[in-house]
Each structure stands twice: as C-alpha cells, then as structure tokens.
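J.: Position chain B with the ligand against the provided structure of chain A, taking the given hints into account.
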Amino acid sequence: MVIKNTLKNKSKMNLKPINIYPLINKVRKPAQYIGGELNCVHKDIKKCKASMILAFPDLYEIGMSSMAIHILYNIINNHPGFVVERVFSPWLDMEEQMRTLNIPLFSLESRLPIKEFDILGFSIQHELCFTNILNMLNLAKIPINSKDRGEEYPIIIAGGPGVFNPEPMSPFIDFFVIGDGEKVVIEILKKVAKLKNKGFKKTEIIKEIGQIDGIYVPEYYDFIYETDGRLKEINVKNSFPKKVVKNIYTDFDNYNKSMKLIVPNTKIVHDRFGVEIMRGCSRGCRFCLAGSIYKPVREQNTKSILKLIKDGLANTGYGEISLSSLSSTDYSQIDYLLKNLRRNLSDSHVAISLPSLRCDSFSVKLANLIGQERKTGLTFAPETGTQRLRDVINKDIKDEDIFECIRAVFSSGWEKIKLYFMIGLPTEKKEDLDGIVSIINRVLKIAKYEVPKNKWHRVKININISPFCPKSHTPFQWVGQDLPENLNRKIDYLRSKLKSKKIFLKIHDTKMSQVEAVLARGDRRVSKAIEIAWESGCKFDSWTEKFSYDRWTTAFKKANINIQFYANRQRDDDEIFPWETISTGQYRKFLFNEYKKALKGKTTPDCRFVGCINCGLQEIIKCNIKI
Amino acid sequence: MVRNINKIIMRFRFSKQNDIKYISHLDLITLLIRALRRAKIPIHYSRGYHPKLKLSTAFALKVGWESIGEYADIVLKKKLLPDLFKERLNNQLPEGVEILKAICGSSSKSLSNQINCAKYQITLSHYHKKKELEKIKKVQYFRERLFNIKIRELNNNILILNFLTPIGSGNDLDINDFIKFLNSIKNELRFILKRVLRVNMYRKEGDFLLSPFSLLK
Ligand code: SF4
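Chains as they are written, first to last, in our numbering: chain A, 21 to 647; chain B, 78 to 294.
No wet-lab data here; the hints were simulated from the structure. Keep in mind that a hint or two might mislead.
Unchecked claim - Not close to chain A: a few residues of chain B, all C-beta gaps over 12 Å, as computed:
| hint | residue |
| --- | --- |
| 1 | Ser101 |
| 2 | Ser123 |
| 3 | Ile145 |
| 4 | Ala149 |
| 5 | Lys186 |
| 6 | Asn232 |
| 7 | Ile235 |
| 8 | Asp249 |
To be verified - If you want a taste of the chain A side facing chain B, the calculated C-beta under 8 Å gives, among others:
| hint | residue |
| --- | --- |
| 9 | Thr336 |
| 10 | Gly337 |
| 11 | Tyr338 |
From the three backbone atoms N, C-alpha and C, an ideal C-beta is built for every residue, glycine too.
For reference, chain B alone in the conformation it holds in the complex:
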C-alpha cells in the first residue's frame, strides 16, 4: 500500500461497459496505465532500481459485469487540472471505459480503506410475480447484506433490482448465491441473471452515503 500522505492524488470515477466488460480487473489496470502514458499525464514513479507507478483501484469487478461507478487513484508528479486530466485520458480510452469525474487532492487512506458500500442494479428475467421477490426482504442473510432494495418490473418479464450492499467487509453479497437463493424459494421459480451494473461506490457512515470524492483532502 502506498502511503499517500502529501502526495498529489488524482482520484477518478470511470465506467467499464460494452466489450471491455469482458477483460479482467488486472487487464483493466494495465489498459488504464497505458492510456495514462499515451495521454502524457505526469505520473509519479517510485524511486529505486525499477521505478513503478501506482494505480490503485477499489474492489475488482467480476469479468462480464458492467459499471459506471469504478474508482481509481493515481499519484501525480505535479498538479493537473482535473478537467484536463479527464479530457486527455478520455481521448486515449477505448469505447466502454470513460472517465466520468476527476478530483485532485490528497488522502492518507487508500480507496479500498475508504469505500465500504456499493450500489448495484441487476437485471433478471423471470416468469413469476414481483411479489415473490418481496420475500427476499425477509430473509436474514439478505437483510444483513441488502439495503434500500427497489424493485421495478418491466412488462416483458424483466425485473430490475436496485440495492446497496456492503463491500470489502468480508460480509459481501455473492450475487450468484443470491440468484441461487431466489430460485430455491419456490421450486418452479426461475430467475436468470441478465446483467449486473455497479452504479456507484460510497463510504457509508450510519445513514449517510459519502462519495469517495468527498473523502479527499
């Protein structure tokens, strides 16, 4: 872990969508680093025999899932206007990865130490009533892991579920487990996971949701 005290950090929120959702988390980091180099962003390299740059992210997204709420920190050599950073980097990124917002600042804690909660939107196809879904709200396992559940039903047997869930606490929700559970509530019930979208990530303190940007100094 880098100790980022006094270091210039550019924190940015970005998306991972379209075909890029099929690349792994490590591949995504490599892709961002190469884009940063092409965009000639003044990156800070560690000293030493083999200088390394540090791009840290929070909580890997599974291959095949999409996101409009990814976050990363990069340590810079000198200050840079966030809008300029955003524009220059976006020029170098493939379709599907887009810098949505950037803020420059400093932080003594890493993203994965600050973020503890994520908002997801999952799309399910089903052949039953929304009512059945209401049941999940009553199960202990999910009561502990899902908050603010909102269920929306589209007419063609498609359900959209929005919820918040803790992340990085060792108490994370396994979405595949969740689907398995849904399908076991009633035997004839069949839910198929169509899409997972990470909408955003936050620091949850009590009832407050703080944006990772607001945690920068």
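Just chain A, with the same shape it has in the complex:
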C-alpha cells in the first residue's frame, strides 16, 4: 500500500534531518545555513498540530534584518501547538551544491525539507524577489504552479508589502495574506490544524481559510480583458468578497511582552536590536507605497518600548538599538523616549540609531541627543530639486528646512551625509533637475563653511538618485513611468553638472526600475513572463550584478507582455486596476483627488495636524489621531 504524504498523515512520516555538511564545506559564508542562533526555537514538528515555514526570498543577511520575520516567528512559536521554522534564498554557490548533490531546500532549525511543513509562507518585500520565490519552490522540489501541486505539498501563502498587487504572483500562491499578519497567522494555523485533522482536502482547507478577513484566494477571481489589453471586469466566484480589506493590527504591547529576537551568528545588514516604535505614516507622500498600505499611524506605548528594549538587550547582548518606523521623528513622544533611553542606557554603552530621519533641523537635534554614530553619517530624503515638484508629490519639506538641516549636520560634527532624490516624477521639468544640482551645490557650500579645514578631507556627500516607479494603491497609480532613455538622459545631465570630488553619485538602474514598474502594476498575464524569466536564469533581480535586462525583455516578449503598456502607459481615469480586489482602506476617490491635486501642484496636509481628511480608513478602523 502506498501511503500518500498528505497534510493529514504527515505527522506519521519518519522525518529525517538533512545532512548539510557535504554542502556547506564548499560554499562561501557557510554560517548563514547552519541555524542554531541564540533565541531560535526548536520544536518537534511531529508533535505540533500545525507547522509553518517562514520563507524569505533573499539572503539570510537581508531576511534576518526584516522585523516581520522576527515578529511572526515569535508569535507563532509562542503558541504551544504550532511551530514555525525559517528558510532563506541560498546564494548561487549553495544552490549549485544542492542541485549537484540532489538535496532539497531545508529549514534552518530542524534541517527538514521545507516540503514537509503544512504551510510555506513567503514574506514579499518588493517585486524584484518574485523569481527567487519560484527558485525556492523549485529547489524545494515543489511545483511552482498552484494547479500542479497535489495533496502532498504544503499550502503556499504570501504576505508583506509586496502582495498588495497580488496578481503577477497569483498562479503560484494558494492564498495571500493582506495587511498585518500578527493576528491572522494564528487564525490560519488554527484552521489548518483543525481541518487537516478532520481529513479535509487542501483545496477545501484553502477555501475555508478564504473566509477569514484579509485573505485573498486568487483562484476565485476571474479577470476579463478588453481587446486592447485593459481590464474589462473582475468576476468573483462563490461568496468571496469583491474587495479583500487588509488586516490592521493594533495590539503591539501584547506580543512585546515575550518578544525574543534571534541573534544571528554572522553579520547581517541591520545587525542591531530593532524596535518598531510606530507603524504607518500619515504624511501622505503621493509616490509612497508604504505610506499608503500601512495607514493609519499606530504608535507603540513608550513604557512598553522601554521595557522591550530593557529585556531585549538582556536576552540578546546587542550593543546597538534601532528605533524603526517609516518616519521615526514623527513619533509623538520621541523626545521623551530618547531622553529616557539615554538615561537608562548610559551605563551599558549601548548606541541608539534613528533611521528614516525627516529632513529638518529637529531631526539633527535628536541625532545629537542620542549621540548617533558620527562615522556613518546621516541620511535624508529631499526627493526633489524644487518646491513646486515637492508640492506635487506632497512631501512636506521646504528648501529652508533642507538647508537648516544640512547646516545643523555639518556644524555638529558630522562629515558625511547621504541625500536621496527621485527623477522622472510626474510634471518634472528641466528646472527640477537644475534644482537638484543647486541643492547639492548649496550643501557643498554649507559644508565648506561649517567644517573646519583640517577635517575637510573627510567630507563626503553621497547622492542617491532613483527613477520614480509608480506603485499600486498610491495616488500615482494612474501615472506612466518615464522611459529609460529619458531617465538616462536626465542622469547624464545630472552627472555632467555634479563634478565635485566631494560628491559621490549612486544611481539606481533605470532598466531595473522599468522591470519593477511592470511587475508592480502587472496583472495575472504578467505571471507567465515571471515564470519564463526564472526559467531563463533570472534570480536575485534586485542585486545589480545579477540583474539581466536582456533576459527580462526576452521573457516579456515570449509571454506577449508589452513592457510599455504596463510600465509607461498613462492609465485612464476610470480604468479598472488588477489590484482592485484588494483594499488598503483608502477610497479610490481619495487617491484620485490626490492625483489630480498633484498635477495642479496642490498639497494635502497631514491628518494628524488638521484632523481627519476622510481618506477612507475611518470606515474600517478608529484612527487615534490627537491634534
């Protein structure tokens, strides 16, 4: 008799860990594959009611820097009946070893093939990791298309900021988790545990889970297209919701109590104790996906943050903490929090860092207060060169703010600074490019004035320039991206004007940005191109040295995908978008008004300063704004 390894009888299987040593003796940075870090959890998956794998489609050093992984890991493993383990994309040398020795992708904790878990959940941060997801499935010996996966395979799910337009990945993923995952992940595991016990088939389990709030099961949505390629209508099957509304989590204090960060044994990108002090941002920058999808602002209680840091430092031994959020200086109690931290931490010599500083002198004051590391310098994002264009994108900073900020930076002893600018924004003109040049020149002048002569040689002005890439669910979802050849011309122009030896330009690849733009607003048909691109060898597409525009354009061609139709086309006002099935809570009408105001250069204030401006969130949650 053949016993099929179904979800139900998986627990009866004889699960044997994989011997990883023949693999890792031959690869670079083997430490990323060994697991066993401080605070990681080992449970017997056979004894758990349901098991899950958290999969991060990039290297360990990047995935372990993501707070989402740590948060979900804690929540699930703190639940007695459930277990979660981790897996990351192996680097190319490891992949080669695994394929040669025919070893499937395995979890870090138990070193079991990831195929053996009930649920495989991908954390999708951005579009350029799509091919890595297919590659991980393939390395795990799991068919990439949902329709080809029988009962013996795990349920494949995905969440994170990259799933708010789920369509390009919809044929590969059984269901998407939209919005905050903290609460819903337990509901999902409970359902799986209960139903597999009752002998439900996988498709039935998925259908049942589809009834939970914030779950999008692509199988139950049909997309009909016009002859010109635009969407005609979306048909919803059965009783599934027309719009899946994202989940919003508010009970941070709840999991904070038992949060234990895993401490990597090897260096990762953000090698410090990260605390999310606030989720969401209400500034309303019109290009920003994060701003749109993480609304409304939810602040963590200061007391609970202080406690979390105290316990966290004791159980990790970290020497640095980072207070993270989309805009940390907007945290209402930031002054109080930092003063307290300074006092509490003065004996233990722990450094504090504040990422995502607003470009104003207040931020520099805070950075001074915490004694932020001088070596690494400070980072700010003026985004545009002129006030006019800053009004278009609704970035609430004035030129004076920028210069005062820069003056404060150099006069308080920093010698390095990094500034972010965008090009190709809607309504951009030559004056806006000249504006970037004049801001940078002014920064240089300020530095010359403020920095003592004997330290001048250390001054470094890093400038990051990236092409604007329109994203779903933002006021700019209607906008066509500027063509790579235009963008490249603009870049050449900027280069020709910025010649100082103190200026270090870093320019984001315009072609990579175009591929990102196709995927970001792609529909279900784009999935074919992703599959072909992966088959032709695309992976680690966000890594400049691995990205291949040629492979992507070939894949688009083969899949009959017109790049410009998706990336560069201006959408009609009433066009149906592929992500219409997903709701961030914002009204389409609100986004559209924002878009029209943008074109007129009109700004919209932050709702925390002027009161609710009815973006739509008020219908699903009580925003806690104090004016």
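T.: This is chain B with the ligand only, laid out in the frame that chain A set:
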C-alpha cells in the same frame, strides 16, 4: 592596540567547534562580546564619544577549522574570580564555544605579540603508506615550519598528524599548501584534508613552550 599596562585583564582559553566552526573570526568576536554583555561581565569601555570595549584575540582561525586552543583578552572594570567569569560566560555561549580556562592579571603585551607558535592536529585520508609521509620531514620548507611531528595511522586509511608550527612570524605554514605538496611528492598519492584542529598556542622560547597564561603578570 590597547596598552594594557595596569589594566585588569581576563585572559581566557576557549574552543571553537561543531557548527560554530563555520562562522568567521569577526563573527566569533561579536558572538563573544554579546555573550559577555548578557553574562553581565564588568567590561571596561574606552572613554570618548563612542565608548568601545576591547576584546583582543590572537591569530584568526580559518572558517571551517576547529580549535580547543583559542585565546582572548578582555579588559575588565573590576577584578572578577576567573571561575565565576568562566561559569557565567559559559552559560551564555552556544554549543561549540566553551571557555576552558581563565586567569585574571595584567600584561603589557598583547596576545598576538606573545604567542608565536601553535600546535595543530590534522586528519588526512590517504591511500598510501605512512612511510611516504616520513618524507616531508626531509623537505627544507617543512623542516623550517614543522616541529615535533608525530604521525599516527588509523586502520581505515586515516592519518593523524600532530605538529607544532610558528605563527604570526610571516613564516607561517599554509596547511593547504602543505596538502598540495604532499600530493605532489608522488603523483599517485592522494591525501585529502579531513579536519584541522588547533590544539593550543604557546610562546616558544628556545626549546621551552610557555602557556599564554604563564605570561600574565
Ligand atoms: S481616516 Fe482620517 S484620520 Fe484616518 S488615516 Fe485617513 S485621513 Fe487620517
């Protein structure tokens, strides 16, 4: 380099084995520092805008090699019983890293200035006679770099080599070179390096081997 004169130094010997052998030297230092913080050892921090603690080690071990003879110095704020230090730190260390011995004292020289010699045990698989190995004793290059060679043969074509070699003199032995050389003595000879274990480190003065602990004041 810290000038450790009059500073309270805890010198400790530790191991790097099991999976931890796959982490780099820098990662190992970070791991020790975090363990020291968790163990609430009274570490001394340098003064200044960004206080730093100083953990100094001697001679990085290659990723993948094992050791039961690593040494490190940490400057303390106040004296601490070595056994207490050992116990508290061991409670915080992962499997594979273990404090084997600790001594508190002072020293004007750093570990890497004091240590000049290491004892290794390497395991080789081979398909030939031990006799062939005796040849290495005659080659000039190795005569200068290997001392006290002891060769032990296990029955299943496994050879265990114990030797002393200078370290940090610019005249160090490259174990991979050594294997390459072994394989070139006779063409059909095939040695495969199975394991490298650093057994201990010393200060060699003439014929005497001094333990790094004995160099503390
Ligand atoms: S509903 Fe009102 S208060 Fe809430 S985020 Fe939107 S504008 Fe702000």
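J.: Does each hint fit the structure? Answer for all of them.
T.: Verification of the hints:
1. Its closest Cβ contact with chain A, about 7 Å, brings Ser101 (chain B) to no more than 12 Å, contrary to its assignment away from the interface.
2. Separation of Ser123 (chain B) from chain A is inadequate, the least Cβ-Cβ distance of about 10 Å not exceeding the 12 Å criterion.
3. At roughly 19 Å, the least C-beta separation between Ile145 (chain B) and chain A is larger than 12 Å, which holds for a residue marked as non-interface.
4. The beta carbon of Ala149 (chain B) is kept farther than 12 Å from every beta carbon of chain A, the shortest such distance being approximately 16 Å.
5. The Cβ of Lys186 (chain B) lies farther than 12 Å from every Cβ of chain A, with a closest approach of about 26 Å, so its non-interface assignment holds.
6. With 12 Å as the threshold on Cβ separation, the claim that Asn232 (chain B) sits away from chain A holds: the shortest Cβ distance comes to roughly 23 Å.
7. Every CB of chain A lies more than 12 Å from the CB of Ile235 (chain B), the least distance being 17 Å, so the non-interface label holds.
8. Consistency note on Asp249 (chain B): stated as away from chain A, and its beta-carbon is indeed over 12 Å from all of that chain's, at 23 Å minimum.
9. For Thr336 (chain A), the interface hint holds, since its Cβ comes within 8 Å of a Cβ in chain B; the closest pair sits about 7 Å apart.
10. A hinted interface residue such as Gly337 (chain A) counts as satisfied when its beta carbon comes closer than 8 Å to some beta carbon of chain B; here the least separation is about 3 Å, so the hint holds.
11. The beta carbon of Tyr338 (chain A) is positioned within 8 Å of a beta carbon in chain B (closest approach about 7 Å), and the interface hint is therefore held.
In this structure, the hints that do not hold are numbers 1, 2, in rising order.
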